[in-house]
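Residue 88 in this note's numbering sits at position 88 of the sequence shown, with consecutive numbering throughout.
Don't take every hint at face value.
[Unchecked claim] With a straight-line cut-off of 27 Å between C-alpha atoms, the simulated DSS-like cross-links for lysine-lysine are:
1) Lys111 <-> Lys128
2) Lys12 <-> Lys38
3) Lys122 <-> Lys38
[As the list claims (entries may be wrong)] Quick list of the computed label-pair ranges, beta carbon to beta carbon:
4) Lys111 <-> Gln36: 37 to 45 Å
5) Tyr37 <-> Leu100: 49 to 57 Å
6) Cys23 <-> Lys111: 55 to 63 Å
7) Val26 <-> Ala64: 53 to 61 Å
8) Lys122 <-> Lys6: 41 to 49 Å
9) Phe148 <-> Thr110: 20 to 28 Å
10) Lys16 <-> His42: 30 to 38 Å
Hints listed in this document are in silico derivations from the structure and should not be mistaken for laboratory results. The structure displayed is predicted, hence computed values, not measured ones. Quick reminder that beta carbons are idealized off the backbone N, C-alpha and C, glycines included.
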Amino acid sequence: MIYCRKCGAQLKDNAKFCDSCGCEVVKIKQISYADQYKAKKHANRSTTLQKSMHKKDEKNPYIAASIVAVMMALILAMFPWNLIGKGIGTSLAMRIAVILLALLGDYHITKAKQVNNLIFSKYGYRVKENIVSFINVIAVFVTIMGMFALFTY
């Protein structure tokens with residue numbers, strides 16, 4: 001049995017208008033929770049399939065930039081090259097260059113993590129996640145080492 005949405009009067013199954021108030025009968029198909037769950041599961045399955053198709057195409061350009069900057073800072077910090085100033089050990093200008101390269105590496109690794117989070121939100125995976133984590137640790141280490149060397153001059 002169906003009822004009128006306006007006045008609540010009982011209607012016949014094939015009625016197009018309410019006999020009491022004349023309101024048009026609108027039939028709404030009701031979906032059970034089981035059917036809703038199946039439809040949602042099917043939609044999730046197709047979304048996962050679409051995400052996996054894009055997996056091979058995504059690249060993160062900030063990873064290479066951060067590796068180059070961090071490794072240059074690490075090499076300059078580890079070896080006391082006196083290329084810019086005079087005296088024994090690494091000069092003040094070289095220490096500043098190490099800090100700038102380390103901060104550049106920190107910037108690029110932060111951008112690489114942001115791009116990875118964006119890719120994860122779209123496709124459900126991250127590009128070279130272990131390399132990004134490793135370079136992040138090295139970048140923080142070189143930055144701290146460079147700051148320590150700069151302020152203990």
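Identify every previously stated hint that the structure contradicts and give their numbers, smallest first. Hint 2 is the one this structure does not satisfy, whereas the remaining hints hold.
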